[in-house]
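S.K.: Given next are the chains, with one letter for each unit.
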Amino acid sequence: MARVLRTLRRTAWQAIPTVIAVVVIDFFLLRLAPGDAADALAAESGSATEETMAALRAHFGLDQPAFVQFLSYIGNLLHFSLGFSPLYNMPVSRLIGERLPGTLLLMATALSLALLIGITAGVVMSMFAGRLTDRVLSVIALLFYSVPGFWIGLMLIVLFSVRLGWLPSGGAETIGAGLTGWPWLLDRARHLILPAVSLALFFIAIYARLVRASMLEVRDQDYVRTATAKGLSRTAVTLRHMLWNALLPVTTVAGMHVGAILGGAVVVETVFSWPGLGRLAFEAVLKRDFSVLLGILLLSSLLVIAVNVLVDLLQAWLDPRIALR
Amino acid sequence: MPLEFPGREDPLLDVRDLFISFGDNAAVRGLDFTIRRGETLALVGESGCGKSATALSLLRLLPPAGRVAGGSIRFEDRDILRLPENEMRRLRGGAISMVFQEPMTSLNPVLPIGRQITEAIRSHERVSARAARARAIELLNLVRIPEAHRRIDDYPHTLSGGMRQRVMIAMAVACRPRLLIADEPTTALDVTIQAQVLELLDRLRQDLSMGLLLITHDLGLVADWADRVVVMYAGRKCEEAPVETLLRAPLHPYTSGLMACSPKLASGLHFRQGRLPEIGGSVASAADVAGCLFAPRCASARDACHAVRPDAKPAGSRDHLLACPVHAPADYAIACC
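First to last, the sequence lines map onto chains A and B. For the first sequence, this note's numbering gives the first residue as 538, with consecutive numbering after it. For the second sequence, this note's numbering gives the first residue as 222, with consecutive numbering after it.
Chain B extracted, bound-state conformation (with noise of 0.2 Å):
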């Protein structure tokens, strides 16, 4: 009998099994995960853990050197895998699109902001130059840019990181898309920033009634904007749950480990009252490991985890996923039949 997956009723997205290699190098090894309608996820782990390898996959926008090597991407009754190339083009941007990391970068700096939003708008339906126009003012307008008719005109290089990445937000957000994918949005952002733009893309999301893949290594972002919170490590997801019962009751020791290092979650720490903790070794030593993949860094590893890799299975409730046997509650083992 297939197992229940939370979301699985008709979702927006639906990932399964999804393998991306970069060579002979894994990047992402088997993950699934799905996202609902209006519903925010966040991806979270740390650095090269695959989760920016996974938002790329998702456009199939993956550099040259990157390919999916199996699994399927579902969004709505399409399959993002087999979609003629034209086909794709329009759903880029259009029903899915994409806010990046760096706002510095992703924006041309030899063209106008408003040239660079209508063109998005112009390449995805039949509107005169004019009307285009004035939709991106309305858009930059929709994102809080002061002046927007002003503004409308000036290059990338006059804004503030902020403001680009505002920029970035209304290009995205210009075709009415139906999952937003942000990938790192605030990271290369002023923390007094950072909270601007995440209110930002939470109120779009309402607004337009959009899903939102929220990619981050920021569980203190996660606590405040997401739903539902899939923890990845070296390319597969280690434990997923709503939000508050991750944060209550984290499981898996890879995700105790992370809000251990995170500053804001755990209660009465700072630094001056001693060294933040962190998880010893690297994510590098998940190479050729054929057991679990977290066993060389987690303290609680038994002699069969480095023989046996664990799925994700139900853990207390039907909603909360775990890969860890070691770490389960009494009924995990039940479950996982």
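Just chain A, with the same shape it has in the complex (with noise of 0.2 Å):
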């Protein structure tokens, strides 16, 4: 426990420069795109004059030079402030935190589904590699591959909601239904299926192919003909002795995909009206909303690093070789 508390004082310390690296380099990247938050509201109103948008960007401090925004975006941060939204009208942070449970949500269940659907398939693929259950696996793996995420959302929206009626087509949960409870958490449940699916099935494909890799090269190693020579069964030698070890890789690539799964949401999001962080990124791109930005960029770092170290951890328990430093 002491090793886990020392590794975790170690990431935070290192956390810091990536975390400053990550706040400048957006920074001065995000101005590098043309025109700013008082042009997209100026667009939006239909009609401003040269003078109201010189208000607007004096009252926000656009009309600052960039170092000078820069230095007062970092004094806010010093204070623990994302700073201000113009376009929503209030502070970044409480905009955030409207947003993240339902990113996270999305995000939690996508992963949970495409560990658990790639995994068992990968360990099936290997089972039965070479053969027919494994070549047709391999071919659907491949699909989910290969076919962007919105279009998949798309498909499932024609055949779930418009053909079938099954599920909800968009949105987090019935507005205005009123529900509590049970009912309240089921309906929940049927809005969260088709977008953590279409953005699960990406990483179910990644999985299931890593997996299958990891358990045919774990298949010869030594210490799995001695589980045979035991006498265990093939059920117990595959999950006990072979996928137990074939797990590390995919801890890794998993960790590493946090970020992407994040990018994944901004197009899911989109396309089923789930009100999260990844289509409240994609809105401030378009209204040049710097600040809430900024502050989505930030707050996505630290998951990653949080992840990260998580993966370190969740490592050092399966693999008892690595230690904790």
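Hint data in this document are derived by calculation from the structure and do not stem from the laboratory. Every residue gets a Cβ at the ideal spot worked out from N, C-alpha and C, and that includes glycine. Please note that the accuracy of each hint is not assured.
Across the chosen pairs, the derived CB separations fall in these ranges [said to hold, decoys possible]: (1) B/Asp428 x A/Gly796: 55 to 65 Å; (2) A/Arg771 x B/Pro330: 18 to 28 Å; (3) B/Asp374 x A/Glu710: 42 to 52 Å; (4) B/Arg351 x A/Phe687: 48 to 58 Å.
Listing some non-contacts, in silico: residues in chain A with all C-beta distances to chain B over 10 Å [to be verified]: (5) Ala585; (6) Val605; (7) Val684; (8) Pro786; (9) Thr807.
Here are a few chain A residues that sit away from chain B, every Cβ distance over 12 Å (derived from the structure) [unchecked claim]: (10) Leu679; (11) Gly718; (12) Arg725; (13) His728; (14) Arg746.
Dock the two chains into a complex; use the hints.
M.R.: Dropping the structure here:
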């Protein structure tokens, strides 16, 4: 336990330069995009004079030189404030706080689905390697891997919402239904299925192929032969001795995927009008609301760092040879 | 009239005319041997002669590329090659178990050693987790792991090679097997540890009255620990005899060659006094030979050796078998009829 705490402390220290770099690079990178929030506001209102735009810019500090804006942003960060959104007219932290749970729920569900189904499929494929089951699953995995998420999302809506009418086509819950307790939970779950599945499919394919390859590699290890020679059943050998060892590369990759899943969430949340960070980020890009975008980028980099710490701990638990340092 | 072979009376394990092939390559070509209860049989030969393939075939653990192409393997009253898979599974680690060559890689790195022993016990006997753990500690004590009760939760990477091989042995004898196959159990270990491990195997053989199949290329080990020896070359038996007979008076030129190569057995020889002798050529030369497989490397081969493949027959005494007409004693021709 002391080792775990030491690891956490070390990682926290190492995260500081990473976060600073993320903030600096993102801040100046975003300046490269043409236009600012005042332009977007003006475009939205349909009519704006030079004077009102200048007043807007002065009000939000957009008329300052980039470096001054940067200093004031850093000043905000040091006070644990993410700034203020001109477009939504509220503090960025509150805006993000409202959207974060939805995205975390979507990501966690998608990742769990991807791991569960992907690992199962990978194990099945490796057990039937080269035979029909393996071939069929390989083709399906390749399909999931190569079809873009937004198209899968749209097709899922067409099939399950429009044609069959089984599941809702968007949103996070039935608006105005006023449900509580179990019916509410069920309603949320029904809304979650389609976006989570369309986000997960790509990762299911990756994990399935990874686990298959990893299992086939582990299969020829001496200790697997030992396990068989002990008289263990094929299931025990496969799950206890092979899968446990084959999971290590999966945890590494899954940790790196958290960032990618957040990226995928942008598309999926837009398709399913899911109220989450991804869609907020998308709107912030379109409307040049850089303070919101910076806040989201900062938060997601923290999220990725945190998940990687978790992966380190998980790997040390999976493989005792990996020492926590 | 069938020939009288030693140990054919109620043997523990009876292997006859075994053929094993990997794709188109024959690894074992018509091997016969038996093991009696409580006896140590050494299977000797150089790398690639089919020793390990033979060992693996006894548990039906050949890798997917390999298969038994002919012959029979009888263990007690069971036909190993025709046993259904679930009965075979019960046999593995139960009545027959195996210790492998590589202790460094033969234990699962992510499971504590105790867990690896208890799962062997619990896959064969209905015992509680607590009882299995107690027995695992007993077993670790039996193989002389110091502080077994503390060591039982250690992972393999914290143990030395010798310790790991002890754990492998503890695991192998967990269910009191009647036959233990040890495939080069000490090859990967330090010389100082070798003797300890073999002593342990021999003590367990006596205590549990197991048959022990000791597979090795080290004639020095054979001299110290085996009761009988089968010398293999290119998947065939060239000579079989009680260990004293074989070491005192080897008949087959391959056996004599092997013994000449062993610094321990060739008395007075030391590398400083001269080069160790070697057997010229390689086992690969036996690939497509019509006659005696050793003939391409044999100094005393005659024309007939390249034409006719000799079988192992009694030479001199009933328990000394030889597959070489050239180096046979006078009564060989009579006995072989």
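S.K.: Is A/Thr807 truly not at the interface, in the sense that its beta carbon sits beyond 10 Å from all beta carbons of chain B?
M.R.: 42 Å, holds
S.K.: Once the closest CB in chain B is found, is it more than 12 Å from A/Gly718?
M.R.: 41 Å, holds
S.K.: Taking the minimum C-beta separation from A/Ala585 to chain B, is that value above 10 Å?
M.R.: Consistent with the label, A/Ala585 stays out of reach of chain B, its closest Cβ about 64 Å off (over 10 Å).
S.K.: Is the Cβ of A/Pro786 more than 10 Å away from each Cβ in chain B?
M.R.: At about 13 Å from chain B, A/Pro786 clears the 10 Å cut-off, so the statement holds.
S.K.: Mind verifying the non-interface call on A/Arg725? Its CB should be farther than 12 Å from each CB in chain B.
M.R.: Its Cβ never comes within 12 Å of chain B, the nearest being 37 Å, so this holds.
S.K.: Assuming the hint says 18 to 28 Å, is it satisfied by the Cβ distance from A/Arg771 to B/Pro330 or not?
M.R.: Given about 21 Å between the Cβ atoms, the range holds.
S.K.: Using Cβ atoms and 12 Å as the threshold, tell me whether A/Leu679 really stays out of contact range of chain B.
M.R.: Answer for A/Leu679: holds, closest chain B Cβ roughly 25 Å.
S.K.: 55 to 65 Å was suggested as the range; check whether the CB atoms of B/Asp428 and A/Gly796 agree with it.
M.R.: The hint (55 to 65 Å, Cβ to Cβ) holds, given that B/Asp428 and A/Gly796 are roughly 60 Å apart.
S.K.: Minimum Cβ separation between A/Arg746 and chain B greater than 12 Å?
M.R.: Fine: 22 Å to the nearest Cβ keeps A/Arg746 off the interface.
S.K.: Beyond 10 Å from every Cβ of chain B: is that where the Cβ of A/Val605 lies?
M.R.: Per Cβ check, A/Val605 is outside 10 Å of chain B; nearest 55 Å; holds.
S.K.: Would you assess whether A/Val684, listed as outside the interface, keeps its beta-carbon beyond 10 Å of every beta-carbon in chain B?
M.R.: Holds, since 35 Å exceeds 10 Å.
S.K.: Using the beta carbons of B/Arg351 and A/Phe687, state whether their distance is inside 48 to 58 Å or not.
M.R.: 56 Å, holds
The structure shown violates none of the earlier numbered hints.
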